[in-house]
Amino acid sequence: MKRCALTTFITAGDPFPDITVDALHALVEGGSDILELGIPFSDPEAEGPVIQAASERALRHNISLLDVLDMVTVFRSSNTHTPLVLMGYLNSVSTMGYESFARRASEAGVDGLIMVNLPPEEADLLRVELLNTGIDLIFLVAPTSTDERVKMIASASSGFIYYVSLKGTTGASHLDTSSVQRNVERIKVRSSLPVQVGFGIKDPETAKNISVVADGVVVGSALVSIMGEEGASKESILSGLTELTAKLRAAIEPESSVV
Amino acid sequence: MNETYSQPDARGHFGEFGGRFVAETLFHALDELNALYSKLSKDADFRREFLHDLQTYVGRPTPLYFARGLTEKLGGAQIFLKREDLNHTGAHKVNNTIGQALIAKRMGKPRIIAETGAGQHGVATATVAARLGLKCCIYMGSEDIKRQSLNVYRMKLLGAEVIPVESGSKTLKDAMNEALRDWTTNVDDTHYIIGTVAGPHPYPVMVRDFQSVIGQEARAQCLQMNGRLPDLLVACVGGGSNAIGLFHPFVNDPDVSMVGVEAGGLGLETGKHAAPLNDGHAGVLHGNRTYLMTNSDGQISETHSISAGLDYPGVGPEHSYLKDIGRVKYESVTDTQALAAFHLLTRVEGILPALESSHAVAWVIDAAPAMPTKDIVIVNLSGRGDKDIMTVAGIDGIEL
Numbered sequence: 027m028k029r030c031a032l033t034t035f036i037t038a039g040d041p042f043p044d045i046t047v048d049a050l051h052a053l054v055e056g057g058s059d060i061l062e063l064g065i066p067f068s069d070p071e072a073e074g075p076v077i078q079a080a081s082e083r084a085l086r087h088n089i090s091l092l093d094v095l096d097m098v099t100v101f102r103s104s105n106t107h108t109p110l111v112l113m114g115y116l117n118s119v120s121t122m123g124y125e126s127f128a129r130r131a132s133e134a135g136v137d138g139l140i141m142v143n144l145p146p147e148e149a150d151l152l153r154v155e156l157l158n159t160g161i162d163l164i165f166l167v168a169p170t171s172t173d174e175r176v177k178m179i180a181s182a183s184s185g186f187i188y189y190v191s192l193k194g195t196t197g198a199s200h201l202d203t204s205s206v207q208r209n210v211e212r213i214k215v216r217s218s219l220p221v222q223v224g225f226g227i228k229d230p231e232t233a234k235n236i237s238v239v240a241d242g243v244v245v246g247s248a249l250v251s252i253m254g255e256e257g258a259s260k261e262s263i264l265s266g267l268t269e270l271t272a273k274l275r276a277a278i279e280p281e282s283s284v285v
Numbered sequence: 119m120n121e122t123y124s125q126p127d128a129r130g131h132f133g134e135f136g137g138r139f140v141a142e143t144l145f146h147a148l149d150e151l152n153a154l155y156s157k158l159s160k161d162a163d164f165r166r167e168f169l170h171d172l173q174t175y176v177g178r179p180t181p182l183y184f185a186r187g188l189t190e191k192l193g194g195a196q197i198f199l200k201r202e203d204l205n206h207t208g209a210h211k212v213n214n215t216i217g218q219a220l221i222a223k224r225m226g227k228p229r230i231i232a233e234t235g236a237g238q239h240g241v242a243t244a245t246v247a248a249r250l251g252l253k254c255c256i257y258m259g260s261e262d263i264k265r266q267s268l269n270v271y272r273m274k275l276l277g278a279e280v281i282p283v284e285s286g287s288k289t290l291k292d293a294m295n296e297a298l299r300d301w302t303t304n305v306d307d308t309h310y311i312i313g314t315v316a317g318p319h320p321y322p323v324m325v326r327d328f329q330s331v332i333g334q335e336a337r338a339q340c341l342q343m344n345g346r347l348p349d350l351l352v353a354c355v356g357g358g359s360n361a362i363g364l365f366h367p368f369v370n371d372p373d374v375s376m377v378g379v380e381a382g383g384l385g386l387e388t389g390k391h392a393a394p395l396n397d398g399h400a401g402v403l404h405g406n407r408t409y410l411m412t413n414s415d416g417q418i419s420e421t422h423s424i425s426a427g428l429d430y431p432g433v434g435p436e437h438s439y440l441k442d443i444g445r446v447k448y449e450s451v452t453d454t455q456a457l458a459a460f461h462l463l464t465r466v467e468g469i470l471p472a473l474e475s476s477h478a479v480a481w482v483i484d485a486a487p488a489m490p491t492k493d494i495v496i497v498n499l500s501g502r503g504d505k506d507i508m509t510v511a512g513i514d515g516i517e518l
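Going line by line, the protein sequences match chains A and B.
Residue numbers for the first sequence follow my numbering, beginning at 27 and rising by one.
Residue numbers for the second sequence follow my numbering, beginning at 119 and rising by one.
Only chain A is shown next, with the shape it has when bound in the complex (with noise of 0.2 Å):
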């Protein structure tokens, strides 16, 4: 049986800056096999409650996206092989401008890209300046896609494509199965890019009942409601981000029986 692979996400600089390496670091050890990284946002729009707290936490300590990148270049420093995605906003992006942002990821070690608000059929600037930078730009399929829009959203996706497993923010708590299940395979027959799926996915339980229909799951509230536990210390923060990963991780290997 095939590998699933398990894509952990936080909040670049949540709760404060000088964490963010070190808790990448402990995803990696905990099992995960993609990192995803949040570029702190303002008003970010797709996200439940748990990730806006996250995002407002890093501004707290003003966080731009240049922080975000040098916190990839050492993260890069100690560890060269596990793929790092920036999601985020397009406004972060395109602030810094299409072209400098390509060349400043590419430096840093980034190794893809998602824009919750940046369709296909608007992306074509900012997918000009990734070509060259082996960055991939990944699209997110809804379950509210035509087959339509699967197919445009396959063709323009590179690396992967995600998923969001349901009608709603992150961190929501109505994910159907049969429903991910059908979609899947939908996007399967529409497009060879294995497919992560993300949004609800909160325990290892769920994770376990998701790989079975998936290449990847994606788990971030749960990661990231750890990052925000309220006095907790920098070591507990992190020994908890390990133990959670590692328990998601054992629960979508594919002999994996108990969870």
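Any given hint could be a false lead.
Unchecked claim - When the alpha-carbon atoms are kept at most 30 Å apart in a straight line, the in silico DSBU-like pairs for lysine-lysine are as follows:
| hint | chain 1 | residue 1 | chain 2 | residue 2 |
| --- | --- | --- | --- | --- |
| 1 | B | Lys-160 | B | Lys-223 |
| 2 | A | Lys-177 | B | Lys-441 |
| 3 | B | Lys-274 | B | Lys-227 |
| 4 | B | Lys-264 | B | Lys-390 |
| 5 | B | Lys-157 | B | Lys-264 |
| 6 | A | Lys-193 | A | Lys-28 |
| 7 | A | Lys-193 | B | Lys-274 |
| 8 | B | Lys-274 | B | Lys-264 |
| 9 | B | Lys-390 | A | Lys-228 |
| 10 | B | Lys-390 | B | Lys-447 |
| 11 | A | Lys-214 | A | Lys-177 |
| 12 | B | Lys-441 | A | Lys-193 |
| 13 | A | Lys-177 | A | Lys-28 |
| 14 | A | Lys-177 | A | Lys-193 |
| 15 | A | Lys-260 | A | Lys-228 |
| 16 | B | Lys-227 | B | Lys-288 |
| 17 | B | Lys-227 | A | Lys-177 |
| 18 | A | Lys-193 | B | Lys-157 |
| 19 | A | Lys-193 | A | Lys-228 |
| 20 | B | Lys-441 | B | Lys-492 |
| 21 | B | Lys-253 | A | Lys-193 |
| 22 | B | Lys-223 | A | Lys-193 |
| 23 | B | Lys-253 | B | Lys-160 |
| 24 | A | Lys-214 | A | Lys-28 |
| 25 | A | Lys-193 | B | Lys-288 |
| 26 | B | Lys-264 | B | Lys-288 |
| 27 | B | Lys-492 | B | Lys-227 |
FYI, nobody ran anything at the bench for these hints, they're computed from the structure.
The structure displayed is predicted, hence computed values, not measured ones.
Given the structure of chain A, go ahead and fit chain B onto it with the hints provided.
Just chain B now, kept in the frame of chain A:
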């Protein structure tokens, strides 16, 4: 301008502005809305139904009123007020909610949501929802709820649920974020009535079309009263729906000048304002590309204005385009100027303008004396000021 104005393009672009920048989940709903609206905008029956509601329920046409007192006081151009404050619910906002409610009905969606700043759009939405028996949720920043308690109670009386938004700056932009999140979650049974000419395509064009009744009437009224078109149109600009509504029907008349007045807050130089066209950068927020108030890292700035309805860091994308092509001039006035205009209009004309509309009046108070007495200026009096009485009294140190 030699060629006829034909913005936006099929995908909602006004030049480099507008478009659709939202999460994928909403695309299908936007496509459906766009397809239906494209059909209805050419449908004579729909137009008739819309105008019938405006006439029998809203009270249109609103008068174009020659403000003799103000004109004489200023001693320059002749000032006419387009009396949108006389609409049912007290502002121009209802022109749009009437239109969008008819669309929600045709789509068979039983639930309506909206964002609101000053509460005027919230009230206008709750009003049409009550009339059509639709469930209604209004998102409103908790700061604005404090500033506009009267309108909050009005919405509740109308049967709407008012949901306080505690995130970010707790004002209009955050209410819009929250409404977008709600729509993403409940897209199957919910229509989102955006209150201004912003948001993803087709909202900017759809809201413009509904609000254009303002300019269509003003044009005909001005021709009838004066035998010619006006020289200048003036309107306040937050998101910009009352301004587009007045301006759009004149956009191909090269001799009609237009001024949009943004909220200068404590002054442009202080950074505490809500004037993205005067002091902003092009960026992407709330589904469209437009001028925004941001910091150097693209984070959306907190805005300041005495008027909750103008307290927004963005602006409708068509205004960004009209600014760049030079068709409309965008100016700003401060809180203090707006407040003085509020008092002056009240005293010389017996009309209490909304603090939003007071910005347009304030710019005219400044500009009119230097204009020739033959010039005709139309000011959009977009709403009435009853809702602002507590704010004004507070500033004047009066406890009610």
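The hints, checked one at a time:
no.: 1; hint: B:Lys-160 / B:Lys-223; verdict: 18 Å, holds
no.: 2; hint: A:Lys-177 / B:Lys-441; verdict: 38 Å, violated
no.: 3; hint: B:Lys-274 / B:Lys-227; verdict: 21 Å, holds
no.: 4; hint: B:Lys-264 / B:Lys-390; verdict: 20 Å, holds
no.: 5; hint: B:Lys-157 / B:Lys-264; verdict: 41 Å, violated
no.: 6; hint: A:Lys-193 / A:Lys-28; verdict: 28 Å, holds
no.: 7; hint: A:Lys-193 / B:Lys-274; verdict: 28 Å, holds
no.: 8; hint: B:Lys-274 / B:Lys-264; verdict: 15 Å, holds
no.: 9; hint: B:Lys-390 / A:Lys-228; verdict: 41 Å, violated
no.: 10; hint: B:Lys-390 / B:Lys-447; verdict: 21 Å, holds
no.: 11; hint: A:Lys-214 / A:Lys-177; verdict: 10 Å, holds
no.: 12; hint: B:Lys-441 / A:Lys-193; verdict: 37 Å, violated
no.: 13; hint: A:Lys-177 / A:Lys-28; verdict: 25 Å, holds
no.: 14; hint: A:Lys-177 / A:Lys-193; verdict: 20 Å, holds
no.: 15; hint: A:Lys-260 / A:Lys-228; verdict: 22 Å, holds
no.: 16; hint: B:Lys-227 / B:Lys-288; verdict: 28 Å, holds
no.: 17; hint: B:Lys-227 / A:Lys-177; verdict: 28 Å, holds
no.: 18; hint: A:Lys-193 / B:Lys-157; verdict: 27 Å, holds
no.: 19; hint: A:Lys-193 / A:Lys-228; verdict: 16 Å, holds
no.: 20; hint: B:Lys-441 / B:Lys-492; verdict: 27 Å, holds
no.: 21; hint: B:Lys-253 / A:Lys-193; verdict: 20 Å, holds
no.: 22; hint: B:Lys-223 / A:Lys-193; verdict: 23 Å, holds
no.: 23; hint: B:Lys-253 / B:Lys-160; verdict: 28 Å, holds
no.: 24; hint: A:Lys-214 / A:Lys-28; verdict: 15 Å, holds
no.: 25; hint: A:Lys-193 / B:Lys-288; verdict: 25 Å, holds
no.: 26; hint: B:Lys-264 / B:Lys-288; verdict: 11 Å, holds
no.: 27; hint: B:Lys-492 / B:Lys-227; verdict: 51 Å, violated
In summary, the structure is inconsistent with hints 2, 5, 9, 12 and 27 from the numbered list given earlier, while agreeing with the others.
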